[in-house]
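Chains as they are written, first to last, in this note's numbering: chain G, 454 to 672; chain Y, 6 to 595.
Just so you know, not all the hints are guaranteed correct.
[Claimed, not checked] Calculated cross-link-like contacts (lysine-lysine; reagent style DSS-like; alpha-carbon spacing at most 27 angstroms):
1) 544/Y <-> 174/Y
2) 467/Y <-> 566/G
3) 467/Y <-> 577/G
4) 467/Y <-> 527/G
5) 34/Y <-> 73/Y
6) 507/G <-> 522/G
7) 577/G <-> 527/G
What the hints contain is simulated information worked out from the structure, not anything from laboratory work.
Given next are the chains, with one letter for each unit.
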Amino acid sequence: MRRDIVTSAIAAIVFMILLGLVYPLVITGVSQVAFPGNANGQQVHVAGRLVGSKIIGQSFSVPKTKNGKLVEEKGAVVTEPDPRYFQSRPSVTEGGAYNAAASTFSNLGPNSKATEEAIAEHVKAYIELEGPFNPGLTAAQVPVDAANSSGSSLDPEISPANARIQAHRVAAVRHMGIGSVDKLVSRYTDARGIGFSGERGVNVLELNLALDRLTGGAR
Amino acid sequence: MTLAGWLTIVLFAVILTAIAIPLGGYMAKVYTGERVFLTPILEGPERFLHRVLRVDPRREQDWKSYAKSLIIFSLAGWLLLYLILRTQDAFFVPHALNPRGFASAPWNVTFNTVSSFTTNTNWQYYNGETTMSYLSQMIGLTVQNWLSAGVGIVVAVALIRGIVGRTGKSLGNFWQDLVRTILYVLAPLSVLTAIVLVSQGVIANFSNYLAVHTVTGLTQSIAMGPVASQEAIKMLGTNGGGFFNTNSAHPFENPTAFTNFFEMLMVLAIPAALVFTYGRMTGNRRQGYAIYGTMMIMFLGAAVVAYIAEAHGSPAQHAAGLHTHVISGSTGGNLEGKEQRFGIAGSALFDVVTTVTSCGAVNSAIESFTGIGGAVPFANLSASEVIFGGVGTGLYSILLYVLLAVFIGGLMVGRTPEWLGKKLEAREIKLAGLGILITPLAALLATALATASHAGRESISKAATGPQGFSESFYAYLSQANNNGSAFAGYTGFIQPSAGNVGSHGITFADLLGGFVMLFARFAPILFALAVAGALVGKRVTPAGLGTMRTDNPTFAVLLIGVIVLVGALTFFPALLLGPIVQGLTSHLY
Numbered sequence: 454m455r456r457d458i459v460t461s462a463i464a465a466i467v468f469m470i471l472l473g474l475v476y477p478l479v480i481t482g483v484s485q486v487a488f489p490g491n492a493n494g495q496q497v498h499v500a501g502r503l504v505g506s507k508i509i510g511q512s513f514s515v516p517k518t519k520n521g522k523l524v525e526e527k528g529a530v531v532t533e534p535d536p537r538y539f540q541s542r543p544s545v546t547e548g549g550a551y552n553a554a555a556s557t558f559s560n561l562g563p564n565s566k567a568t569e570e571a572i573a574e575h576v577k578a579y580i581e582l583e584g585p586f587n588p589g590l591t592a593a594q595v596p597v598d599a600a601n602s603s604g605s606s607l608d609p610e611i612s613p614a615n616a617r618i619q620a621h622r623v624a625a626v627r628h629m630g631i632g633s634v635d636k637l638v639s640r641y642t643d644a645r646g647i648g649f650s651g652e653r654g655v656n657v658l659e660l661n662l663a664l665d666r667l668t669g670g671a672r
Numbered sequence: 006m007t008l009a010g011w012l013t014i015v016l017f018a019v020i021l022t023a024i025a026i027p028l029g030g031y032m033a034k035v036y037t038g039e040r041v042f043l044t045p046i047l048e049g050p051e052r053f054l055h056r057v058l059r060v061d062p063r064r065e066q067d068w069k070s071y072a073k074s075l076i077i078f079s080l081a082g083w084l085l086l087y088l089i090l091r092t093q094d095a096f097f098v099p100h101a102l103n104p105r106g107f108a109s110a111p112w113n114v115t116f117n118t119v120s121s122f123t124t125n126t127n128w129q130y131y132n133g134e135t136t137m138s139y140l141s142q143m144i145g146l147t148v149q150n151w152l153s154a155g156v157g158i159v160v161a162v163a164l165i166r167g168i169v170g171r172t173g174k175s176l177g178n179f180w181q182d183l184v185r186t187i188l189y190v191l192a193p194l195s196v197l198t199a200i201v202l203v204s205q206g207v208i209a210n211f212s213n214y215l216a217v218h219t220v221t222g223l224t225q226s227i228a229m230g231p232v233a234s235q236e237a238i239k240m241l242g243t244n245g246g247g248f249f250n251t252n253s254a255h256p257f258e259n260p261t262a263f264t265n266f267f268e269m270l271m272v273l274a275i276p277a278a279l280v281f282t283y284g285r286m287t288g289n290r291r292q293g294y295a296i297y298g299t300m301m302i303m304f305l306g307a308a309v310v311a312y313i314a315e316a317h318g319s320p321a322q323h324a325a326g327l328h329t330h331v332i333s334g335s336t337g338g339n340l341e342g343k344e345q346r347f348g349i350a351g352s353a354l355f356d357v358v359t360t361v362t363s364c365g366a367v368n369s370a371i372e373s374f375t376g377i378g379g380a381v382p383f384a385n386l387s388a389s390e391v392i393f394g395g396v397g398t399g400l401y402s403i404l405l406y407v408l409l410a411v412f413i414g415g416l417m418v419g420r421t422p423e424w425l426g427k428k429l430e431a432r433e434i435k436l437a438g439l440g441i442l443i444t445p446l447a448a449l450l451a452t453a454l455a456t457a458s459h460a461g462r463e464s465i466s467k468a469a470t471g472p473q474g475f476s477e478s479f480y481a482y483l484s485q486a487n488n489n490g491s492a493f494a495g496y497t498g499f500i501q502p503s504a505g506n507v508g509s510h511g512i513t514f515a516d517l518l519g520g521f522v523m524l525f526a527r528f529a530p531i532l533f534a535l536a537v538a539g540a541l542v543g544k545r546v547t548p549a550g551l552g553t554m555r556t557d558n559p560t561f562a563v564l565l566i567g568v569i570v571l572v573g574a575l576t577f578f579p580a581l582l583l584g585p586i587v588q589g590l591t592s593h594l595y
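Please model the complete structure; the sequences and the hints are all you need to start from.
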C-alpha cells in the first residue's frame, strides 16, 4: 500500500513533466521550425494587415445603416452581407457570426420546429440576396450548405454549387464577366482529400481576396 | 450518396486492417518482453523511469495487487488534475501560459471534468477556448489523455495474461506495463501523428488569440494554442476531449478531408491492433481473427446505416423546402452541423468511428443528426463499446462477452464450457456477467434520475423539445457511463455567461451525477475484468478434444454478435424507442 502511494505520487509528477511539458514543447518547437505557417494558423496578411486565417471562415458582411446611422439590435450592431463578396455559410457563434474565439454547434435537432425556422430564414435571406441575379431561384435550388450552419460555425468553405450561384451576383456588382469569376471559383476549389475523402469546397477568403486583387476593394 | 462516399468507408476498413495487423504484432512483442526495433532507443529511458518511480519490474503482481496499484495511481492523477484546474489563474501560473487570464471553472464543473479525463471519457461541459488556459490543457488534460489510455491498455494486457497463464497467480507488473505502453506504443505514434497533423494545418503555438481586421472591416478574434500535441494523443488514446469546443469540427483541429481520414485511422489503430495482439499472445491467431471479424461486421453495419440516414436529409430541412439529394457541386443530405470539407460520408463515418470506440471526438453535431442517423451512435454505445471499443477497454469488454458467449454456447450444446483449454466455472461467469451489466445499469439509472427530476431537466437545452429532450438526457448518461464523451451538445452542466468564467456556475446535479457515473462505470468493470483474469490465470489447460466448442470460427463470431446484440437490445431498446427511433420514424416536427 505505502509503496503504491509513493510510486503513484512520483509517477503523477514525473508524467506531468514528461507528457505535459516536454512533449507539447517538443512538438510545438518542431512545428514552429518545420511548418511555421501551419503552426501559427495560416495567417493571411494584405498590405501588412492581418485579415484572417486561411482555414477559419469569416463573415463578409458590413454594418447595416439606416438614414446614415448604425442599426442596433440587443446592443449589437446589425450586419448585412457585402454584395461584392462571396458569402460564407450561416454561423451561430455568440457575439456575432464567425467569432473564432468561441466555436459552437447549432445543436438544432432533426425534427425540431426551431430547425425548420432557422433553415427557412437562411433560405429566405439567400434568395433575397441572390435571386435578383439568378432569376427563378427557388428554395429547392438552394444548396444545403447555404441553408445549414456548419459544425464549428467557422467553416472556411462553401460548396461549388453555392459558389456558382453567388458568382452571378459578384460578377454583376463588380462589373466582371461571369466567365472570369467562374474561373476564379474553380481555382480556389479544393479537391477531395487523397482523391476520395470528403467533399470539394471553395475557400471563401482566398476567393474574395483574389477578386479584390483583380478589381480592387479591400477597405 | 456518392461513389466517393462509399469508397471512403470501404477503403477505411481496408487501410485500418493493414495498419492493425503489424501494430498488433508489435504490441504483442512489447508485452511479452521480446525485443523490438525501438528497444535500443527506449530501454535506457525505460530503466530510468523504473529507477525514478522506484519500481522493481520483476516483482510479479496477482490481480488484487495489480488492481491496487491501478486504483491508487488513478486516484493520484485525479487529485493532481483537480488541483491544476482549480488553480489555473493562481499567481504561480505564468501569463504566457494563460494569456486570456481565464479563471477556473466552478468546483462542480471541475469535479465532472476531472472525473471525465481520468476515466478516458473526456465528456466536456466546458468550452475549451473560453475556459481552459494553455497550461491546464497541457499539464492537466493532455497528461490524463496519455495516462487514462495507458491504464485501459494495461488492463487488457493483464486479462490476456490471465487467459494464457498456466501456473501461479501473476498478471505481470502494473508499473512495467504502464511505462512500456507509454514509451513503446503511445509515444512514437503520438509524435508521428502530431507532426503529420501540423504538416496539414493543425496549429501548434503559444500565441495569444489573434486580433483580425477582416476583409470587410469587421474584427475577428481567433483562438490559438498548443493544439497538435493534444490532438494526436486525443485520437490515439481514444480520449476525444477537444482543445476547442467544437472538437474535430474545428478547422484548427481537423483542417482537411485528409486529416479527417487520418484522425479516424488513428482512433481505431490501437483498439483494432489489440485484437491481433490478443490472437498472438494466446498463441491462436484465429481467435483474434474471429473477434476482429465480429467487430468489423458490426462496425460496417453501423457506418452504412449512418451514411444512408444522413444522406437522406432531415424532416426539418424538407419542411423548409430544401432539396437534399446530390446535385452537381453539392453533397446534399443533412448538412446541419456538418463541415463542407468532410461532407456527409466523412461526418457519418467519423461519428461511427468515435462512438464504437470510447473516443467521443466529434467532427459534426450529433444532436443535429437525423433520428436514424442519431440512433447509430446510441446503438454503438448500447453495445457497451465492444466494437473495437476504447484502447484496452474495448478488448477487455469484448472478452467478457466472449466468456458469456462460450458459456451460452456450451449450454446450447450441453457441454462444460471451455475457452482456450480452460474450463469456465461459476465464478468467472458471475464476474463477467457483473462486469457486463455495470455500464447499462449506471446509464439507465442515471437517465431515469435525470429525466424524472426537476434538477435533471434543467440541463436540457431550450431548443430540444419533444423526444429530442429525452435523447439529450439519455445520450448524456449513456455516453458518460460508457466513458465515451461524445454528446448531444445542447445538454449542459455549465452556464458560462461570458468568456473567462466571469459569473459562471455549474449545474451541480448534472455535474456530480455524471462524474460519479463515469468513475463507477470505469473502475467497477476494470475490477471485474482483473478479477476474471485472476480467476483464470491459475487454471490448468486441458487439450482440446472432439467435443470442444471452437471459439475461432465464423459460427462463434455469429454467436458472439448474437450475444452482444441481445444484451444491448434487451437492455436499451425501450429507451431507444422513446428518443431517436421515434424521431426517425416520423417527419413530424416538435
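Structure-based check of all given hints:
1. 544/Y <-> 174/Y: holds, 10 angstroms
2. 467/Y <-> 566/G: holds, 12 angstroms
3. 467/Y <-> 577/G: holds, 24 angstroms
4. 467/Y <-> 527/G: holds, 20 angstroms
5. 34/Y <-> 73/Y: holds, 26 angstroms
6. 507/G <-> 522/G: Answer violated: residue 507/G to residue 522/G is near 32 angstroms, above 27 angstroms.
7. 577/G <-> 527/G: Judged against 27 angstroms, a Cα distance of about 22 angstroms means the pair holds.
Violated hint for the displayed structure: number 6, the only one.
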